[in-house]
Structures are given as structure tokens and as C-alpha cells.
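In case you want the letters, here they are:
2 protein chains.
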Amino acid sequence: MGYLKFKVEALESFCLDAFVKFGFTDEESRIITDVLLLSDLYGIESHGMQRLVRYHKTIAKGMVKVDAKPEVVFETPITAVIDANDGMGQLAGHKAMKIAIEKAKTAGVGIVSVRNSNHYGIAGYYAKMACDEGLMGFSCTNSEAIMVPTNGRLAMIGSNPIAVMMPAEPYPFLFDASTTVVTRGKLEMYNKSGKPLPEGWALDKDGHASTDAPDVLKNIVAKNGGGIMPLGGNEEVNGSHKGYGWGMVCEIFASILSMGMTSNKCMQGTKGGICHGFMAINPAFFGDAEAIKSHLSKYLEELRESPKAEGAERIYTHGEKEIYAIADRKENGISVNENTYREMADMAQYLGMDIEKYFGKVELSESNTMFGNNY
Amino acid sequence: MGYLKFKVEALESFCLDAFVKFGFTDEESRIITDVLLLSDLYGIESHGMQRLVRYHKTIAKGMVKVDAKPEVVFETPITAVIDANDGMGQLAGHKAMKIAIEKAKTAGVGIVSVRNSNHYGIAGYYAKMACDEGLMGFSCTNSEAIMVPTNGRLAMIGSNPIAVMMPAEPYPFLFDASTTVVTRGKLEMYNKSGKPLPEGWALDKDGHASTDAPDVLKNIVAKNGGGIMPLGGNEEVNGSHKGYGWGMVCEIFASILSMGMTSNKCMQGTKGGICHGFMAINPAFFGDAEAIKSHLSKYLEELRESPKAEGAERIYTHGEKEIYAIADRKENGISVNENTYREMADMAQYLGMDIEKYFGKVELSESNTMFGNNY
Numbered sequence: 001m002g003y004l005k006f007k008v009e010a011l012e013s014f015c016l017d018a019f020v021k022f023g024f025t026d027e028e029s030r031i032i033t034d035v036l037l038l039s040d041l042y043g044i045e046s047h048g049m050q051r052l053v054r055y056h057k058t059i060a061k062g063m064v065k066v067d068a069k070p071e072v073v074f075e076t077p078i079t080a081v082i083d084a085n086d087g088m089g090q091l092a093g094h095k096a097m098k099i100a101i102e103k104a105k106t107a108g109v110g111i112v113s114v115r116n117s118n119h120y121g122i123a124g125y126y127a128k129m130a131c132d133e134g135l136m137g138f139s140c141t142n143s144e145a146i147m148v149p150t151n152g153r154l155a156m157i158g159s160n161p162i163a164v165m166m167p168a169e170p171y172p173f174l175f176d177a178s179t180t181v182v183t184r185g186k187l188e189m190y191n192k193s194g195k196p197l198p199e200g201w202a203l204d205k206d207g208h209a210s211t212d213a214p215d216v217l218k219n220i221v222a223k224n225g226g227g228i229m230p231l232g233g234n235e236e237v238n239g240s241h242k243g244y245g246w247g248m249v250c251e252i253f254a255s256i257l258s259m260g261m262t263s264n265k266c267m268q269g270t271k272g273g274i275c276h277g278f279m280a281i282n283p284a285f286f287g288d289a290e291a292i293k294s295h296l297s298k299y300l301e302e303l304r305e306s307p308k309a310e311g312a313e314r315i316y317t318h319g320e321k322e323i324y325a326i327a328d329r330k331e332n333g334i335s336v337n338e339n340t341y342r343e344m345a346d347m348a349q350y351l352g353m354d355i356e357k358y359f360g361k362v363e364l365s366e367s368n369t370m371f372g373n374n375y
Numbered sequence: 001m002g003y004l005k006f007k008v009e010a011l012e013s014f015c016l017d018a019f020v021k022f023g024f025t026d027e028e029s030r031i032i033t034d035v036l037l038l039s040d041l042y043g044i045e046s047h048g049m050q051r052l053v054r055y056h057k058t059i060a061k062g063m064v065k066v067d068a069k070p071e072v073v074f075e076t077p078i079t080a081v082i083d084a085n086d087g088m089g090q091l092a093g094h095k096a097m098k099i100a101i102e103k104a105k106t107a108g109v110g111i112v113s114v115r116n117s118n119h120y121g122i123a124g125y126y127a128k129m130a131c132d133e134g135l136m137g138f139s140c141t142n143s144e145a146i147m148v149p150t151n152g153r154l155a156m157i158g159s160n161p162i163a164v165m166m167p168a169e170p171y172p173f174l175f176d177a178s179t180t181v182v183t184r185g186k187l188e189m190y191n192k193s194g195k196p197l198p199e200g201w202a203l204d205k206d207g208h209a210s211t212d213a214p215d216v217l218k219n220i221v222a223k224n225g226g227g228i229m230p231l232g233g234n235e236e237v238n239g240s241h242k243g244y245g246w247g248m249v250c251e252i253f254a255s256i257l258s259m260g261m262t263s264n265k266c267m268q269g270t271k272g273g274i275c276h277g278f279m280a281i282n283p284a285f286f287g288d289a290e291a292i293k294s295h296l297s298k299y300l301e302e303l304r305e306s307p308k309a310e311g312a313e314r315i316y317t318h319g320e321k322e323i324y325a326i327a328d329r330k331e332n333g334i335s336v337n338e339n340t341y342r343e344m345a346d347m348a349q350y351l352g353m354d355i356e357k358y359f360g361k362v363e364l365s366e367s368n369t370m371f372g373n374n375y
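Going line by line, the protein sequences match chains A and B. Per our numbering, the very first residue in the first sequence carries number 1; after that it's consecutive. Per our numbering, the very first residue in the second sequence carries number 1; after that it's consecutive.
In isolation and in its complexed conformation, chain A is listed as follows:
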């Protein structure tokens, strides 16, 4: 599977123009593009350009409504509930976190829960919006069910990522992770390369541990049973119930407080129904915000400087790898999988855009078999 490399600016122009072509306003196209690009800049390939096909298909089939505007349906000085009206998740997410930030600035905390939305990109983008304003940011989303609860054999919970970000020097603490062991994108990568899955990732249709990537993916797509294990695996001895519990915490902030669809109901027919949760907390409401920031910075440094395991080179703190990734991508460009490029070309054709205008003439190696996505 080959990779192409493009300049950040080329991808940015392509996305901006594409979303305008889909019918979004300039401002909306800017938000959606920013979320996608941040993911690729962070090195999270699964949520960057790779997601364009999903947006293309869900817009085309009417699951994502281009002219929908997210609407505040309930509000207090520190909380809000937003109905995304089946629009793009990034637009609901951006509006929700803006509201949470405003509330946190004046009241100390803002919590916003969103229903009837769609895929919103990386959770970390919204946590970063708060962190950029000096606040602690929290963001989570449910998704199509992929996590099998402990002792189960049917996916009932989403990958349900939760991101928490907090200002620190020389870079913030940014923890952004699915509550499953891995996301489906990782299974797809192993499948494409023909390798068996690592132990402790996935379950077959009967609920037994499996390392057979094609079989697991086939069953997930057909909803035959099986799926991905919670963080901690599929047995309580290694904490399966803990990953399952964190998935549920995400669900509470996203689908429960908003009275939206729980993951087991999302993405059926032409309804997305995805729900998100956002929180911003103002450290100044606990004392001296600068002192709190220094206190965290010191601990993060102590962690990085602590003794390494024999054979390990360094200890990372959360958010550090992303800092290096951004510097690298801005300097050297963003790697795009050839299959992703094919999807982008397909989308350009659908929108009547000339993709060569953005990326020049591109040579592709032979196509790989891919599993169909079920949207």
C-alpha cells in the first residue's frame, strides 16, 4: 500500500473548496477543514483525509444534512443541550464547545451535550479549543456500536473516545483516546497488510478472542456479532469492565444527558444520530491559574525525566508526540494513503472538481482490496 505526500496548504485548499461545493458556507467549510487537518497534523491518519469518503457518502445519502444548523434547545448559565438537526458533527461540536468556553469563562464551568449529530472528527480538536483559551477541555462522542461489553458477543457501545486537555508548558497535556483497545481503523490497517491482529484486540461473532482480521471485519460490516474489546481486553482479570465503564461514561455525557441515541441505535438506515459531550473548566475558579499550570508542567516534566524501563528510550507525556508530529508535517507535508487519494479523486469527480489543480499529476500503484464501510 503506497503513500503519497502533499503539502498542508494543498490539502487545505482542496478540502475548503470541496466543502463549499457540497453546499457549506465558507465559515462552515473552514471549521470542517480545520478539524480534518488537525488530525493529519497530529499524525492521526484515521481521522484526517481518510475520513473524506465517509463525509462524501453520508452527505450523498442524506444522512448528513448540509443546510442543517445546530440549535440550542435547552440552556442554563452553565449547561446547554444542542440538537444538531442531523448536520455535520464538526459544526455542532464547534458551536457546543464555543458555548461551553463562554460559560466557563464567566461561570467557571460549561457543559454541553449534543444529540442528532454525525461524526465530528477527533475529540481532541474540541478539547484544544478550550485549552487554547487557558481552560481545561473535555470532549467525547459516541459512534456506531463497535465495542462488545464484557461477556457479550454483540457490539453495543461505540469506540467512544474521550479527550482531556489542560494547559501546561512547554506543551499542554492532551489525552485523546478511544475507550476500546483500538479503533476499527487499526483492524483495517492489519487487514490490508495481511498480518494477524495482536492478541487482545478483537472478538469473533461468538464472542471469542480472534486475531483473524478479515473474519472480524466481515462480521462487523455484516453486524453478525463480534467487534473490538474494551480497553483492558475481554476478561475482568485485565480490566475489561474498566474500558467498558469508560465507554459508558462517554455515553452519559453524550447520548444520555442530551436524550439522544445511544451507540447501539446510531448509524442505522439514513439516520446518524451520533451524540457528543463537551466540558470546559476554568482553573482560575480554583485559585491562581498560572500557578496551577506551573504545577502541572512540573509534574509532566518529572514524568518525562523519571527512570526508563530497560531498553526504553523515553517516557512521553500525553500530547508530546502530537507536538513533534505537527512540526514534521508542516515541514515535510502530510502522508496520504493511495486508497485515500482514490477516494478523494472520486469525491472530486462527484463534485465536478479538477483534483490535479491541487495535487498535480499523481502516479498510483495498483489498487488494494478494501473492506467496504457501512454507511
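To be clear, the hints were calculated from the coordinates, so they are not data collected in a lab. Not one of these hints is a red herring.
Cross-link-like lysine-lysine pairs, in silico, BS3-like; alpha carbons within 30 Å at most:
#1 B:K265 with A:K293
#2 B:K265 with A:K308
#3 B:K65 with A:K298
#4 A:K21 with A:K61
#5 B:K308 with A:K265
#6 B:K321 with B:K7
#7 B:K308 with A:K186
#8 B:K308 with A:K195
#9 A:K308 with B:K223
#10 B:K298 with A:K223
#11 B:K223 with A:K293
#12 A:K265 with B:K321
#13 B:K223 with A:K298
#14 B:K271 with A:K298
#15 A:K105 with B:K98
#16 A:K65 with B:K298
#17 A:K265 with B:K293
#18 A:K293 with B:K69
#19 A:K308 with B:K195
Incomplete in silico selection of chain B near chain A, CB under 8 Å:
#20 V164
#21 A177
#22 L231
#23 G232
#24 G245
#25 I292
#26 Y299
Taking CB as the label site, the calculated pair distances span:
#27 B:G43 with A:H208: 21 to 31 Å
#28 B:A284 with A:S46: 35 to 45 Å
#29 B:A284 with A:K69: 20 to 30 Å
#30 B:T106 with A:E290: 23 to 33 Å
#31 A:E290 with B:A284: 32 to 42 Å
#32 A:V66 with B:K223: 52 to 62 Å
#33 B:Q268 with A:R342: 54 to 64 Å
#34 A:S46 with B:D67: 55 to 65 Å
#35 A:T211 with B:K218: 27 to 37 Å
#36 A:R304 with B:A10: 45 to 55 Å
#37 B:G360 with A:R304: 55 to 65 Å
#38 B:K223 with A:G269: 52 to 62 Å
#39 B:R314 with A:A289: 43 to 53 Å
From the three backbone atoms N, C-alpha and C, an ideal C-beta is built for every residue, glycine too.
Keeping the supplied structure of chain A fixed, place chain B upon it in accordance with the hints.
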């Protein structure tokens, strides 16, 4: 290792009298006893009577100050910071959650961070205080460092449990779990029974995976290196960085916002320095609290009723096992490890109490070797 069985009321009387003997007021003794008993009622043996020896020793050496009163040192309508002044963790925790609940009732959310405290028992007790009032409860605590960060070989983070509880029918959602794979108590149980540890729990002094319980515990006590893995193990492939990240989220709510001691500084010399975090969120600030409760209840039922893995009997939702445990303990009494009973007898002697008054004449089998605790 033998077990004894005692009635809940006998243990309750013993604890109440013991804490009064230590010098706590009747009301304080009631709070401490309630926290301990709830743990044993829930079936969490590690945090019930088994902890009495820790309280005995930390009070005796002056780490826990009996006459300390937790003090609000910073406050806004939705936040507070409490200095526990080196008192019992349960007293600071109870006061902090009471304040968080009051704020959540009037303002929608209450967040309280506590510094300079000591061991506070199970995190779930405080989350339950909020849930009993119809609120979502969140509680976390740092502890003496026991979690080794990904790629490290020295424990730098506590077991850092986080509890989240939310009203539901027929029983609430209660997720209460350390952010390590397991807690030290589990290692001690394996050690006592002479069994090797399960794979994926612990690290030796060089940071390599180890199943040698006596060696791991020896190194933990001597602070030679090694400790317990984060939830997800010690390698990123199975999500080690995720458990490590959750441990850090606990640290932010507990030690960072309160400007208290991070886990790597706690429990050194005669200073406990433990920090806690509490949050109460009022569902009525998101709409119809009863409808939200029903919505969660329905999802929990769908999870319990979903297809089981081949060979599995049932799927639990979080908090369900505790409901069965309470009914059993109230009916059949609480099991107490013989070594724990020996520690209770030792404490009774220290306090000049006649332990037979509470439990009658008890026959003990031969003593087992135990690893010393390092307080």
C-alpha cells in the same frame, strides 16, 4: 488463609467505638465507619476492615491528625478548594462532596478539589452521596505512587481510582475503578496464596513484565523500582498510554487543581499529602431529570439483555454486582480475613478495647507471612 464471618452490626459497633477511642467525635466516627462498611458491603474487601491497620498505623505515627478539621481555602458558587490539614481522608471527602452537592443543586455543577489529605476509602462512597440526591457523582483520589508510566520503571502515579455514579432504575450506574490494571491488594492476595501473578499486571525493578508476586512486592515496599501497569498493560499496542492517561486525569482533578502533592510525592516521611477530586452534576440542568434517568435505565437494560459470548452466563452493568453483594452481606454477614482480624485485635489492644465484646471468642488458624505495608 482462613476467613471469619461477622454480622454487619458487630463490625459497625467495633469501628464506631474504635474511632471514638482514637479521639474522633461521634459524627466523625460515623462517617469513617460508613465508608469502611460500604466497601465491605460492596464486596470490596481491600478497602473495608482490611484498611483498619492502615488507619491505626498512620494515626499512631502522626501522619493522620485526629483533631484536624478540613478547611475551605478557596470558593466560588460552583467550585471549592479544601485543605484537609492532614486529617482523615473520609472527613475531607465527606465535607467536599457535601459542598459539591449543594452547589450542584443550586448552580447545576459543583467541583471540589482537596489537598493535604489521607486515604479516603472507596471512591464510590462519595459518588454515591451525589447519586443518592439524584445527581451524577464523580470522585477520584491520588495515592502513593504505584503505577509505572508507559516505558518507565519507577512508580510515578497512584492507583488513582475514579468513580462515576448516575441514577438509574432498578439500580444506579456505578463505575468505580483504579486506573491501574489492578490494585496492590490483588498482588498481595496472589502472594499469600503462592500463585504466580496473571500476565499483564506487574513490572519488576527494571521495568520488565513480571509474574513473580514476592519479588514485585518486595521491590514496591523497598521502592527499588517496578510496580503495577496502567490499565491496558505496559505496551502501547494494548493501550498502556490510555490507562496512564486516565491516571493523569485523576491527578488533574485531585492534586493539580488543589495545588496539592502529586502521587510521586505522597506518603513520604510522616506526610500523607493525598489529594481528592469531586464533582456533582445536576441532570435537571439538562432538561427533564426523570426522563434522563429512564433513558439511561433503558440502555443499561439493553446492555444486560444483549447476546452473551459463547460460554458466558450474563452481562453485568456497572453497580449491579454491588447490589447483589449488599443483599448477601446484610443476610449472611461480612467475611473477614484472619490476618485482618489479627490486625483488628492488635488495634483493639492499642486502644484498650476488649475485642471479644464485639465478636465473641474467635478461633484462628496458623498465621501467614505477610508483606509489611510501608506507612
